[in-house]
Amino acid sequence: SQTIHQWPATLVQPVGSPLSLECTVEGTSNPNLYWYRQAAGRGLQLLFYSVGIGQISSEVPQNLSASRPQDRQFILSSKKLLLSDSGFYLCAWSAGFTPQHFGDGTRLSIL
Amino acid sequence: ILNVEQSPQSLHVQEGDSTNFTCSFPSSNFYALHWYRWETAKSPEALFVMTLNGDEKKKGRISATLNTKEGYSYLYIKGSQPEDSATYLCASSYGGSQGNLIFGKGTKLSVKP
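Residue numbers (our numbering), protein chains in the order written: chain A, 1 to 111; chain B, 1 to 113.
No lab work stands behind these hints: they were computed from the structure. Note that CB positions come from ideal geometry on N, CA and C, so glycine has one too. Please note that the accuracy of each hint is not assured.
Straight-line C-alpha distance at most 25 Å; calculated DMTMM-like pairs for lysine to aspartate or glutamate [claimed, not checked]:
| # | chain 1 | residue 1 | chain 2 | residue 2 |
| --- | --- | --- | --- | --- |
| 1 | B | K42 | A | D85 |
| 2 | B | K57 | B | E39 |
| 3 | B | K57 | A | D85 |
| 4 | B | K112 | B | D17 |
| 5 | B | K42 | B | E70 |
| 6 | B | K105 | A | E26 |
| 7 | B | K58 | A | D85 |
| 8 | B | K69 | B | D55 |
| 9 | B | K58 | A | E59 |
Heads up, incomplete: computed chain A residues facing chain B, CB under 7 Å, no partners named [what the hints assert, rightly or not]:
| # | residue |
| --- | --- |
| 10 | W7 |
| 11 | A9 |
| 12 | L46 |
| 13 | I53 |
| 14 | F97 |
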């Protein structure tokens, strides 16, 4: 069966520090991979999605970047975090486009 | 900007009550409508994916309908149980960007025993 791992579960970072969140999927090949964020009082927003290694699409302009160095690995990064980057980050995968299966999420607090 | 609206924002019901909530979405170039169940401290769990106008899906006591022409979907829970307490998310996607789910803010359901 397929599983998705996302870490860390919680993270507290100072403003201006770098960020790296990692997501890996097991039990499937060539998944579509997604990064979402839920900011306080808002719905889930798609940040990035990838249909293959090295292929990244960004849905909104932001202070973040994503990379897919391996088929089942998706990384969310920032060189310098802003206060507005605080939120709950979810990684998801799908075979095709639906449905999407989510990881347990990372709660990121910026101080 | 595509916007998905869910109502109500929150709902408190007694065990045994039946309930329903609404998801409204832009109907132009529609591809699919998703419902997810998100329990506290867990990851969102896919309930239904619907694509065709008039689709109805059922999973135990939970069912959903879809009207793509007017852009709405209803989620029904029959005989609510405390374990149904969760946030129910809907998301729509559109042709040309089928992987981009536009999420509503969710309806938070609390079922009291």
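To see whether the hints hold, each was checked on the structure:
Of the supplied pair hints, the one linking K42 of chain B and D85 of chain A holds, its CA atoms being roughly 22 Å apart against a limit of 25 Å. Between K57 of chain B and E39 of chain B the CA atoms are separated by roughly 21 Å; this keeps the pair inside 25 Å, and the hint holds. Simply put, K57 of chain B and D85 of chain A have alpha-carbon atoms about 37 Å apart, too far for the 25 Å limit, and the pair is violated. For the proposed pair K112 of chain B and D17 of chain B, the alpha carbon gap of about 10 Å is at most 25 Å, so the pair holds.
The suggested pairing of K42 of chain B with E70 of chain B is violated, with an alpha-carbon distance near 33 Å, which exceeds 25 Å. Taking the CA atoms of K105 of chain B and E26 of chain A, the gap is near 29 Å; set against the 25 Å cutoff, the hint is violated. Restraint check for K58 of chain B and D85 of chain A: the C-alpha separation of about 38 Å exceeds 25 Å, so the hint is violated. Under the criterion of a C-alpha separation no larger than 25 Å, the hint pairing K69 of chain B with D55 of chain B is consistent with the structure, at around 12 Å.
For the hint pairing K58 of chain B with E59 of chain A, the CA-to-CA distance comes to about 32 Å; that exceeds 25 Å, so the pair is violated. The criterion of a C-beta within 7 Å of any C-beta in chain B is not met by W7 of chain A, whose closest approach is roughly 13 Å, and the hint is violated. Interface restraint check for A9 of chain A: the shortest CB-CB distance to chain B comes to about 10 Å, outside 7 Å, so the restraint is violated. Given hint, L46 of chain A at the interface with chain B, holds; its Cβ is 5 Å from that chain's nearest Cβ, closer than 7 Å.
The interface hint given for I53 of chain A is broken, as the beta carbon of that residue sits about 16 Å from the closest beta carbon of chain B, more than 7 Å. Restraint check, F97 of chain A versus chain B: the minimum CB separation of about 4 Å is within 7 Å; hint holds.
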